[in-house]
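*Asks:* Each chain, letter by letter, is given below.
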Amino acid sequence: MAEAEKAAKPIPMDRLWADQAEERATSDPELVVDVDGFEGPLDLLLHLARNQKVDLARISILALVEQYLEFIEHARRLRLELAADYLVMAAWLAYLKSRLLIPKQARDEGESGEEMAAVLQFRLKRLEAMRDASARLVNRNRLGRDVFARGAPELVIVEKRNRYSASLYDLLTAYAIQRQRRAITNVRIAKRGVWSLKEAREILARLIGPTTDWTALDRFLAKYLAGPEERKTALASSFAATLELVREGMLEVQQTGAFAPIYLRGRQGQRSTEAAK
Amino acid sequence: MSEGSKAKVIPFSADAVPGSTAERVHLAEAVRMAEAIVFASAEPVSEAQLEQRLPAGAPIEPVMAELQQIYSRRGVNLVRVGPGWAFRTAPDLAFVMTRDAVQQKKLSRAALEVLAIIAYHQPVTRAEIEDIRGVETSKGTLDTLLETEWVRMRGRRRTPGRPVTYGTTDRFLDHFGLEEIRDLPGIEELKGAGLLAQRMPSNFSVPMPPADTDELTADEDPLTDIDLEELGLLTPRATDD
Amino acid sequence: MSEGSKAKVIPFSADAVPGSTAERVHLAEAVRMAEAIVFASAEPVSEAQLEQRLPAGAPIEPVMAELQQIYSRRGVNLVRVGPGWAFRTAPDLAFVMTRDAVQQKKLSRAALEVLAIIAYHQPVTRAEIEDIRGVETSKGTLDTLLETEWVRMRGRRRTPGRPVTYGTTDRFLDHFGLEEIRDLPGIEELKGAGLLAQRMPSNFSVPMPPADTDELTADEDPLTDIDLEELGLLTPRATDD
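Residue numbers (my numbering), protein chains in the order written: chain A, 1 to 277; chain B, 1 to 241; chain C, 1 to 241.
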């Protein structure tokens with residue numbers, strides 16, 4: 001195709017477009033066109049129509065059709081590969097030509113040749129209108145070319161701000177609930193619902209310190225055992241504490257049988273420890 | 001508005017326009033504020049944005065009309081761009097401004113033609129563009145136009161296949177110095193000649209492109225996220241999103 | 001455009017400079033050009049640059065003086081920035097350039113508790129707040145309260161570590177509709193309102209805040225600039241200050 005084009009000395013489409021084909025007179029011996037430069041068959045038709053140098057409204061459709069078909073024929077002779085679009089248009093135009101030349105028969109169905117020609121004319125005019133419009137558009141005063149925006153826009157400072165809402169009632173409720181909760185928690189702690197090992201140990205160490213007689217654990221703790229609920233935790237904690245204190249050599253412990261009372265006394269010395277065993 | 005700034009805001013009564021000296025002073029202050037706000041921005045400022053920032057009740061229309069009048073013969077003009085306002089250098093001073101011109105990407109003839117078709121015929125589908133031009137539109141051409149942000153997908157035509165419709169943006173108006181789409185050069189004559197119709201009109205009642213290009217026409221559906229995904233403009237969402 | 005608005009236009013006086021009509025026209029044109037050039041420039045425009053771009057022989061100084069005069073009472077002023085000229089928002093309108101994005105927020109339960117403790121127990125340190133609440137107070141909570149401007153740092157307790165003391169502000173009184181801090185309901189009123197149980201432990205008390213929350217108590221030191229710096233509320237001063 002490239003070779004064929006060279007042979008045909010194609011006119012670059014850009015130039016054709018730029019010149020509006022005005023100076024490309026019809027006197028040219030033959031129509032040599034670079035088909036690649038056209039935006040499809042309608043564009044080619046428009047170009048040919050413009051070559052007629054008349055208003056599209058008064059254009060000779062028949063002449064236009066003949067020029068197009070001639071162009072296609074020419075391209076074929078040069079073995080130019082034409083896109084299918086161009087060939088379809090050629091077929092349609094050949095049909096249009098036949099309709100235009102042969103008077104409309106009485107029982108003919110479909111559009112008359114004149115109607116088909118009018119449609120073609122409409123499409124050409126519409127395309128031309130859009131082409132002109134695009135030219136008018138690009139020649140407007142354009143932003144960044146003819147007209148300019150503020151070169152140094154000043155920043156709008158967005159201050160993010162939170163606005164808080166709370167009512168006095170919210171505030172007082174929160175305060176009252178919080179203080180009350182804490183006050184009641186404090187009271188519970190004062191009741192010592194649970195004996196910790198540490199507490200038990202302190203109490204035992206304090207109580208047994210001066211005592212050298214064997215004493216039942218129960219009795220040591222009697223005055224601390226306020227109710228049956230506390231008894232278990234106190235017993236458990238103090239027994240654990242007892243074992244710890246025995247291991248550290250601060251206490252001696254003895255029990256005569258399973259579940260029998262546990263007796264404690266302060267450590268007497270090496271001998272008494274052996275005796276206790 | 002911050003507490004501190006409230007102190008400075010002079011309250012406005014909506015009917016302040018022709019009135020007492022105090023009201024005129026208030027109007028003049030609103031004009032100054034609008035001037036500062038629009039002048040500060042390179043982009044058009046919408047009336048909604050202005051309303052938010054001017055004192056409550058300031059009458060936007062007379063304020064902007066007055067400002068436009070003040071600047072009408074200056075080196076900088078106040079222009080309306082779609083729903084907004086912007087200051088732009090006066091077009092007759094283009095010759096002084098050439099130095100500031102930024103090298104702009106040149107659009108191909110095809111792209112310009114498609115742009116014009118979209119502008120004058122919007123909302124328009126790709127098939128309709130191709131019908132007008134009598135040739136296929138390469139995807140690259142539409143992409144280029146979408147990239148310039150002069151063209152956008154508007155919605156989908158309520159016809160079989162639900163084709164995407166294209167239209168222009170406010171940026172398009174801004175770039176080409178148009179207040180609105182109705183200001184496109186020659187649009188009235190083209191409409192009169194029936195050249196904005198899809199088919200050769202048997203009657204000449206050709207609908208104008210809608211004044212508000214953002215509003216979908218009766219036969220357009222809005223684009224959904226699913227549509228955008230389909231069109232490759234949104235990455236598909238993770239399913240657990 | 002409203003009929004009456006023209007009267008309110010602050011005119012751009014073009015006749016500030018004496019001379020023949022033709023000279024005034026030329027000057028006015030040069031003023032328009034300078035206006036457009038400075039407007040469109042991303043940087044302040046020097047007089048040398050103006051000289052290059054204005055018509056030969058245009059007297060830069062009177063042109064810029066005129067332009068400055070024209071804009072002197074407008075929402076935008078022509079100002080000198082270093083060696084050049086630039087447009088800047090009029091200083092008195094700086095507030096229109098800031099936009100507040102106000103977010104309504106509810107105080108968290110924890111914040112309300114801390115706020116109430118600060119109100120009743122002021123001046124109070126963070127450790128004391130924690131002692132009253134029995135849980136640690138996050139820094140975020142105190143920050144939030146400081147942000148509300150209902151709470152402020154009052155001073156520092158004269159104890160080891162010099163902990164900051166917190167108290168309420170006038171804004172606090174304002175917001176909660178209190179005339180003075182002692183209007184906060186006492187224990188009996190709280191019981192009466194059903195907010196506190198009728199039977200509270202005998203050692204339970206609700207403190208009476210000081211009458212004047214602005215006055216430091218005997219064991220408080222005022223906050224100094226050094227303190228504020230330490231607390232990150234003041235940026236350190238340059239040493240040569």
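One should not assume that every hint holds.
[To be verified] Short derived list, chain A residues pointing at chain B, Cβ under 8 angstroms:
| no. | residue |
| --- | --- |
| 1 | R77 |
| 2 | E81 |
| 3 | L82 |
| 4 | A84 |
| 5 | D85 |
| 6 | K125 |
| 7 | N141 |
| 8 | R142 |
| 9 | L143 |
| 10 | G144 |
| 11 | R145 |
| 12 | D146 |
| 13 | V147 |
| 14 | P153 |
| 15 | R247 |
I should point out that these hints are in silico values taken from the structure, not numbers from a laboratory. Glycine included, each C-beta is placed from N, C-alpha and C at the ideal position.
*Asks:* Could you check the structure against the hints above and give me the numbers of any it violates, in ascending order?
*Replies:* 1, 2, 3, 4 and 15
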